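Residue numbers (our numbering), protein chains in the order written: chain A, 1 to 159; chain B, 1 to 282.
FYI, nobody ran anything at the bench for these hints, they're computed from the structure.
Predicted, not measured: the structure shown is a model, and the values here were computed from it.
Don't take every hint at face value.
[Stated by the list, open to error] With a straight-line cut-off of 30 angstroms between C-alpha atoms, the simulated DSSO-like cross-links for lysine-lysine are:
| hint | chain 1 | residue 1 | chain 2 | residue 2 |
| --- | --- | --- | --- | --- |
| 1 | A | K59 | B | K259 |
| 2 | A | K56 | B | K106 |
| 3 | B | K274 | A | K11 |
| 4 | A | K59 | B | K257 |
| 5 | B | K259 | A | K122 |
| 6 | A | K57 | B | K252 |
| 7 | B | K252 | A | K108 |
| 8 | B | K259 | A | K108 |
| 9 | B | K280 | A | K11 |
| 10 | A | K57 | B | K280 |
| 11 | A | K116 | B | K259 |
| 12 | B | K93 | B | K106 |
| 13 | B | K93 | B | K12 |
| 14 | B | K66 | B | K9 |
| 15 | B | K274 | B | K66 |
| 16 | A | K108 | A | K84 |
| 17 | A | K56 | A | K39 |
| 18 | A | K57 | B | K274 |
| 19 | A | K108 | B | K274 |
| 20 | B | K274 | A | K150 |
| 21 | B | K259 | A | K11 |
| 22 | A | K56 | B | K259 |
| 23 | A | K150 | B | K280 |
Residue-level listing of the chains:
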Amino acid sequence: MNITVGIADMKVSDDPGVTLVTHSLGSCIGLAVYDPVAKVGGMLHYMLPESELDTKKAKTRPLMFADTGIPVLFKACYNLGAAKGRMIVKVAGGAQVMDASGIFNIGKRNYAALRKIFWRNKVIIDGEDIGGMVNRTMRLSIATGELSLKVSGQGNRIL
Amino acid sequence: MIDIDAIVKSIKKLPPFPNVATRALEILDDPDASVDRLISIIQYDQAITANVLKLCNSAYYGLRRKVHSLREGLVLLGNAELKNIILASTAVKFFHKENRGYDLAKGELWKHAVATGIISRIVSNRVTESEPPSLFTAALLHDIGKVVLSRLVDRYFEQIIALVNEGRHSFLEGESEMLGIDHAEVGAKIAESWNFPEDIVQAIRLHHRPEEASDDDPLTPIIYLANIITLSMGIGVGRDGLSYRGKEEVMKRYGLKAKDLQGIVIDFYDEYNKVQDILKLS
Numbered sequence: 001m002n003i004t005v006g007i008a009d010m011k012v013s014d015d016p017g018v019t020l021v022t023h024s025l026g027s028c029i030g031l032a033v034y035d036p037v038a039k040v041g042g043m044l045h046y047m048l049p050e051s052e053l054d055t056k057k058a059k060t061r062p063l064m065f066a067d068t069g070i071p072v073l074f075k076a077c078y079n080l081g082a083a084k085g086r087m088i089v090k091v092a093g094g095a096q097v098m099d100a101s102g103i104f105n106i107g108k109r110n111y112a113a114l115r116k117i118f119w120r121n122k123v124i125i126d127g128e129d130i131g132g133m134v135n136r137t138m139r140l141s142i143a144t145g146e147l148s149l150k151v152s153g154q155g156n157r158i159l
Numbered sequence: 001m002i003d004i005d006a007i008v009k010s011i012k013k014l015p016p017f018p019n020v021a022t023r024a025l026e027i028l029d030d031p032d033a034s035v036d037r038l039i040s041i042i043q044y045d046q047a048i049t050a051n052v053l054k055l056c057n058s059a060y061y062g063l064r065r066k067v068h069s070l071r072e073g074l075v076l077l078g079n080a081e082l083k084n085i086i087l088a089s090t091a092v093k094f095f096h097k098e099n100r101g102y103d104l105a106k107g108e109l110w111k112h113a114v115a116t117g118i119i120s121r122i123v124s125n126r127v128t129e130s131e132p133p134s135l136f137t138a139a140l141l142h143d144i145g146k147v148v149l150s151r152l153v154d155r156y157f158e159q160i161i162a163l164v165n166e167g168r169h170s171f172l173e174g175e176s177e178m179l180g181i182d183h184a185e186v187g188a189k190i191a192e193s194w195n196f197p198e199d200i201v202q203a204i205r206l207h208h209r210p211e212e213a214s215d216d217d218p219l220t221p222i223i224y225l226a227n228i229i230t231l232s233m234g235i236g237v238g239r240d241g242l243s244y245r246g247k248e249e250v251m252k253r254y255g256l257k258a259k260d261l262q263g264i265v266i267d268f269y270d271e272y273n274k275v276q277d278i279l280k281l282s
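Make a model of the complete structure from these sequences and hints.
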């Protein structure tokens with residue numbers, strides 16, 4: 001069964017029949033985590049880097065921002081029995097339009113925010129497909145932990 | 001180079017913009033026209049009437065009481081808003097089909113249209129004193145050219161994307177180079193064939209080239225920004241991806257900074273959740 005992760009949304013599961021899917025990863029980032037021992041996985045689709053931009057919004061919609069959304073995802077997986085040391089972490093998205101000035105580049109800021117949080121918490125990224133001018137769809141199989149990507153104009157691949 | 005005549009022919013094959021909607025929009029622009037005249041025209045079109053009522057009752061407008069009739073809808077929402085609703089109700093059928101050329105599943109181009117419409121209003125709210133009356137219409141229709149260009153883009157996709165991947169062309173410029181015309185120009189021709197007002201035609205034509213708009217054109221730069229933000233977020237984006245030019249000068253013109261862009265994205269999220277009814281129109 002496919003479970004869709006919307007924009008500013010997150011899903012976790014320990015049901016081997018489930019595949020988590022998120023669409024429309026442009027400048028947004030899709031973060032997929034998986035514990036192969038507990039067979040627990042989760043996916044977050046966040047839109048923006050820092051919650052300080054709108055702290056009120058971050059309280060009601062923590063999954064909108066990297067810094068408030070990422071901890072929620074990890075905690076939800078721990079609650080299902082996942083362990084930090086076993087977690088496989090994969091990231092996709094952070095694309096941008098053609099823009100030399102960088103003013104439109106929310107994607108790059110989104111990725112930088114994630115790196116900062118991971119560095120601080122000693123989380124290593126096991127696979128990533130970041131940037132470019134493409135749109136991505138991400139699928140995580142809870143049974144196998146396989147993460148597949150559909151990249152606009154390029155087709156499918158396993159990350 | 002492709003025969004432009006073939007493209008013009010396929011524009012002519014597109015169903016006409018429904019007469020009922022065109023007349024209703026004219027009446028709404030006429031300050032002397034009566035509510036009765038408007039209702040007498042719309043009520044005979046079942047699909048538009050049903051869609052208008054559905055939209056009036058959607059979360060987007062947040063009306064406290066349920067709207068049961070066109071008359072009530074008009075009184076509660078006012079002319080300008082009803083115009084947007086009639087237009088959205090009518091336009092949806094042109095956008096709903098699967099689009100093979102751009103690899104957009106059924107409903108995706110409509111999602112992109114509605115998202116651009118919403119963001120254009122959010123941007124307008126921030127940078128102008130009052131919303132230009134044609135803004136939502138033009139924003140909703142900006143990519144109508146993709147409907148007609150789909151078949152040709154499908155045939156020439158590999159060549160267009162090769163140009164893009166070489167790094168010097170945006171997808172729009174690739175279309176222009178390979179097909180002799182781009183989706184913005186095709187869209188403008190469609191709007192012209194529907195006898196749409198010149199400001200809307202021009203905004204569709206220049207929605208990727210805002211620098212060519214005249215100084216007194218309030219629509220084009222705002223629709224340009226709204227579209228780039230919608231593309232950036234990947235909403236209703238096909239295999240042309242995000243390969244379009246982000247133009248810093250348009251941001252500067254309005255004094256907008258990178259942080260403002262993020263603020264617009266936040267505002268958009270709330271509005272977008274309220275328009276799920278609009279996305280489900282048929």
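**Asked** Can the restraint linking A:K57 and B:K252 be considered satisfied, given a maximum Cα separation of 30 angstroms?
**Response** With a Cα-Cα distance of about 27 angstroms, the restraint between A:K57 and B:K252 holds, given a limit of 30 angstroms.
**Request:** For the pair we were handed, A:K116 and B:K259, check the Cα-Cα distance against 30 angstroms.
**Result:** Judged against 30 angstroms, a Cα distance of about 19 angstroms means the pair holds.
**Prompt:** Going straight from one Cα to the other, do B:K259 and A:K122 come out at no more than 30 angstroms?
**Reply:** holds, 28 angstroms
**Message:** Can you confirm whether the C-alpha distance between B:K93 and B:K106 stays at or below 30 angstroms?
**Reply:** holds, 11 angstroms
**Message:** Holds or violated: B:K274 and B:K66, Cα atoms, limit 30 angstroms.
**Reply:** holds, 16 angstroms
**Request:** Below or equal to 30 angstroms on CA atoms is what counts here, so check A:K59 against B:K259.
**Result:** holds, 19 angstroms
**Request:** For the pair we were handed, B:K66 and B:K9, check the Cα-Cα distance against 30 angstroms.
**Result:** Status violated; Cα separation ~44 angstroms.
**Message:** Would the hint linking A:K57 and B:K280 be met if the CA-CA limit is 30 angstroms?
**Reply:** holds, 27 angstroms
**Asked** Has the given pair, B:K259 with A:K11, been kept, meaning a C-alpha gap of at most 30 angstroms?
**Response** Holds - the C-alpha atoms of A:K11 and B:K259 are around 28 angstroms apart, at most 30 angstroms.
**Prompt:** Would the pair A:K150 and B:K280 pass a check requiring their Cα atoms to be no farther apart than 30 angstroms?
**Reply:** Measuring from Cα to Cα gives roughly 25 angstroms; hence the hint holds.
**Prompt:** Between B:K259 and A:K108, is the straight-line Cα distance small enough, at 30 angstroms or below?
**Reply:** holds, 14 angstroms
**Asked** Is the Cα-Cα distance between A:K56 and A:K39 30 angstroms or less?
**Response** violated, 35 angstroms
Checked against the numbered hints given earlier, this structure breaks hints 2, 14, 17; the rest are met.
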